[in-house]
Amino acid sequence: MKHVVTSMNALTTTRRWKPWELALWALALASPLLLSRHALIINEIAIVTLFAVSLDIILGFTGIVSLGHAAFFGLGAYTAALFAKLVMPDPLVGMAVAIGVSTLLGAVCSMTIIRGSDLTRLMVTLGVGLILMELANKLDWLTGGADGLQGVVMGPVLGRFEFDLSGRTAAWYSISVLLVLFVLARRLVNSPFGATLKAIRDNRLRAMAIGIPVTQRLSVVYTVAAGMAGAAGALMAQTTGFASLDLFEFNRSADVLLVLVVGGTGWLYGGVAGAIVFKLMQDLISSITPQYWTFWIGLFLVVLVLVGRERLIRPWTWFPRFFGGPKA
Amino acid sequence: MLTILFDGIAYGMLLFILAVGLAVTMGLMNFINLAHGAFAMVGGYITVLLMQRVGVPFLVCLPLAFLGAALLGGILERTLYRPLYHKPHLDQVLFSIGLTFMAVASADYFIGSTQQIIQLPEWLKGRTELGEGAWRLGMGHYRLFIIAVCAALTVGLQFVLTKTRFGSRLRASVDDQRVAAGLGINVNVVFLSTFAMGSGLAGLGGALGAEVLGLDPTFALKFMIYFLIVVAVGGTSSISGPLLAALLLGIADVAGKYYIPKLGAFIVYCLMIAILLWRPQGLFVRKGGKS
Numbered sequence: 088m089k090h091v092v093t094s095m096n097a098l099t100t101t102r103r104w105k106p107w108e109l110a111l112w113a114l115a116l117a118s119p120l121l122l123s124r125h126a127l128i129i130n131e132i133a134i135v136t137l138f139a140v141s142l143d144i145i146l147g148f149t150g151i152v153s154l155g156h157a158a159f160f161g162l163g164a165y166t167a168a169l170f171a172k173l174v175m176p177d178p179l180v181g182m183a184v185a186i187g188v189s190t191l192l193g194a195v196c197s198m199t200i201i202r203g204s205d206l207t208r209l210m211v212t213l214g215v216g217l218i219l220m221e222l223a224n225k226l227d228w229l230t231g232g233a234d235g236l237q238g239v240v241m242g243p244v245l246g247r248f249e250f251d252l253s254g255r256t257a258a259w260y261s262i263s264v265l266l267v268l269f270v271l272a273r274r275l276v277n278s279p280f281g282a283t284l285k286a287i288r289d290n291r292l293r294a295m296a297i298g299i300p301v302t303q304r305l306s307v308v309y310t311v312a313a314g315m316a317g318a319a320g321a322l323m324a325q326t327t328g329f330a331s332l333d334l335f336e337f338n339r340s341a342d343v344l345l346v347l348v349v350g351g352t353g354w355l356y357g358g359v360a361g362a363i364v365f366k367l368m369q370d371l372i373s374s375i376t377p378q379y380w381t382f383w384i385g386l387f388l389v390v391l392v393l394v395g396r397e398r399l400i401r402p403w404t405w406f407p408r409f410f411g412g413p414k415a
Numbered sequence: 021m022l023t024i025l026f027d028g029i030a031y032g033m034l035l036f037i038l039a040v041g042l043a044v045t046m047g048l049m050n051f052i053n054l055a056h057g058a059f060a061m062v063g064g065y066i067t068v069l070l071m072q073r074v075g076v077p078f079l080v081c082l083p084l085a086f087l088g089a090a091l092l093g094g095i096l097e098r099t100l101y102r103p104l105y106h107k108p109h110l111d112q113v114l115f116s117i118g119l120t121f122m123a124v125a126s127a128d129y130f131i132g133s134t135q136q137i138i139q140l141p142e143w144l145k146g147r148t149e150l151g152e153g154a155w156r157l158g159m160g161h162y163r164l165f166i167i168a169v170c171a172a173l174t175v176g177l178q179f180v181l182t183k184t185r186f187g188s189r190l191r192a193s194v195d196d197q198r199v200a201a202g203l204g205i206n207v208n209v210v211f212l213s214t215f216a217m218g219s220g221l222a223g224l225g226g227a228l229g230a231e232v233l234g235l236d237p238t239f240a241l242k243f244m245i246y247f248l249i250v251v252a253v254g255g256t257s258s259i260s261g262p263l264l265a266a267l268l269l270g271i272a273d274v275a276g277k278y279y280i281p282k283l284g285a286f287i288v289y290c291l292m293i294a295i296l297l298w299r300p301q302g303l304f305v306r307k308g309g310k311s
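The listed protein sequences correspond, in order, to chains A and B.
Residues in the first sequence are numbered from 88 upward in steps of one, following our numbering.
Residues in the second sequence are numbered from 21 upward in steps of one, following our numbering.
Please note: incorrect hints may appear among the correct ones.
Cβ pair distances, simulated, as ranges [what the hints assert, rightly or not]:
#1 A:G298 <-> B:I24: 48 to 58 Å
#2 B:K183 <-> A:S373: 51 to 61 Å
#3 B:L91 <-> A:R274: 46 to 56 Å
#4 B:C290 <-> A:L292: 24 to 34 Å
#5 B:R185 <-> A:S373: 49 to 59 Å
Residues from chain B that face chain A, not an exhaustive set, calculated with beta carbons under 10 Å [what the hints assert, rightly or not]:
#6 H106
#7 K107
#8 I117
#9 A123
#10 G202
#11 G204
#12 V207
#13 V253
#14 F286
#15 C290
These are calculated hints, taken from the structure and not from any lab test.
As the structure is a prediction and not an experimental result, all values here were calculated from the model.
Backbone N, C-alpha and C fix where the C-beta goes; we use that ideal spot for every residue, glycine too.
Work out the full structure: start from the sequences and follow the hints.
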C-alpha cells in the first residue's frame, strides 16, 4: 500500500516538512555565526525574504498584481520606529504594534482591490503607496519629513540581547521573526484556505461557481499579506534604527516584484531564493558601478521576461541542437 | 483664480498629449506599458540636447523630438514589445519597469543627473494679463502656445480616429482583434504604426513639457504615475475620456498645489482612488468594445 498515491497523499505530501527545508533553516540560523563578518547582509536578506514572501501570498497564490506593496512595508517601518522613539524601546512589542497597524491598513485597502481589472488594481495599490509617502513627507513634525526619522534607539531583544554594531543580534532577530512568519504562511497556503486561494488565481469564475466566497478570501489574504509586509518593514526600522521616505518608494515595490520573479512565484521558497540572489547581485553590481546599478537591474528584468524564467535558469535549453534536447 | 484655471488647463493638455499614446496602446493591445514615460523623456532630451549643443531652433526641435521618439518606439515595438502582447500582465509590468530603469540609468550616465534647462525663444517668454481684480487672467505665452499646439493635435487625432480609413481600422482592432484580422486588416501594421505614433506624441509632449515639468533622468518614473492615472481614470476606449481625465487632473493638481500646498499631490491620489473605487473601468466606458 505504501506506493499507492492517493489523492489524499498527493495533497499532504506538499504539506509535510522535507529534510532539505529543515536543513535550510538550520543553516540560516547558523549563518550569523558562520559568516559573522557578513551579518549585516544576512539581516538584509532575511528582511527582503519576508517582504517577498508576503507579496508571494497575494501575487503567487492569489494572482493580485500589486505595485504598492511597499506601502505596508513603509508603514510597518515608521510605526516600529515611532513606537520605539515615543512609547517604549522593546523590539517585540514594537513588532506586534507594527504588524497590527499594517494589518489594519491592509484591511481597509483590501476593499480597493476587489473590483476592477489588473490596471485598476495596479493604480489603486500604487496610489495608496504614494499617499502614504506624501503623508510621511508632509507630517514632518512626526516623521522628520524628507530627512527621515532619526534617533531611534532600540532596547535589547527579550531584555537580553543588545543590538550590536556587527549586526549579529539583528540577523538572528530577523531570521527568527522570518522563521515564525514563514511557518505561519506555509500553514496558510497549504491549508484548505490556501487551496481556495489557488482556485481563485486559476479561475475566478469557476471558483465562484463552486461556492468559494471570492471577495472575502481576497480581502482576508490581502490583509494577512499586509501584516507580513509590515513585519518586514518593522524589522528594517528596528535593525537599522532609521526610517526614511525611500521605504515607500516605487522602486522598492518593483524590487520586491523582481525578487519574487527571480525566485519563482507561487512557491514560498521562491522568495527565499530570490532574496538571496537579488541581494548578492545588488551588492556585487553596486560595488562595481554604485550609481548605475539600476541599469543592470533593468536589463536583467527585460532579459528575464523575454527569455522566460524557466529557460533562464536552465542554460542547457538555450541551444537545443547542441544538447539534443527536444526541438521547440 | 482664472490664472490657476488657465495654468491647470495648460498642464492638463500637456498631460493629455503625453498620455494619449499610452491610452491607445493600452486599449488596443491590452498591454500595460510602464515605459511610456521613457519615450517622453527621450523627446525632451532630444530637444534639450539639439538646442544646447547644436543650436537648432525650438520650433524645429519639436517635430524632431516627435520623429525620434516615434522611431525608437517603432523599433522597440517590432523587436521587444510584440512577443509580449499575449503574456500575462505581470510579465508586461516587469518588462516595462525594466525598460524604464534602463532609460533612467542611461540618461543619468550619458547626460548627467542635473535638471536640464530649456532656452525658450523670445516671443514665447512674455505674459499677457487681462481683466481686473479677482477675475484677472494672466497667461504665460508659452502656456498659451502649449494649449494651442495640444488643442490642434487633439482635433487632428480626433479627425484621424473618426474620419479616416486608418482610424476605422484602428477602432476595429481595438474592439476585436481577431475579427479585425479576419476582415483582412493587417493588425500588426496597425499596432506598429499606432505604437510609433503614441511614442512620438509622448516625445513631443516631453519636448513641450521640458520647461513646465522639468527634465531630469527621473522624469520617466515621476510622470509615469500621472500618465497611468490619466489612462486609468479616463478609460482606454476613446480619446475624449483621457482628455477629460487629463484636464481634471491638471486643474486639480495646480489648484491643489496653489490653495493647499501642505497637502501637495495628496488630492490627486485620493481623487484617483475615489474615482476608481466608484468606477473601476474608468469614467468613460464605451459599451460593446472588448475590455
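Verification of the hints:
no., hint, in the structure
1, A:G298 <-> B:I24: 48 to 58 Å, "54 Å, holds"
2, B:K183 <-> A:S373: 51 to 61 Å, "53 Å, holds"
3, B:L91 <-> A:R274: 46 to 56 Å, "54 Å, holds"
4, B:C290 <-> A:L292: 24 to 34 Å, "32 Å, holds"
5, B:R185 <-> A:S373: 49 to 59 Å, "52 Å, holds"
6, H106, "13 Å, violated"
7, K107, "7 Å, holds"
8, I117, "5 Å, holds"
9, A123, "8 Å, holds"
10, G202, "26 Å, violated"
11, G204, "30 Å, violated"
12, V207, "21 Å, violated"
13, V253, "8 Å, holds"
14, F286, "5 Å, holds"
15, C290, "7 Å, holds"
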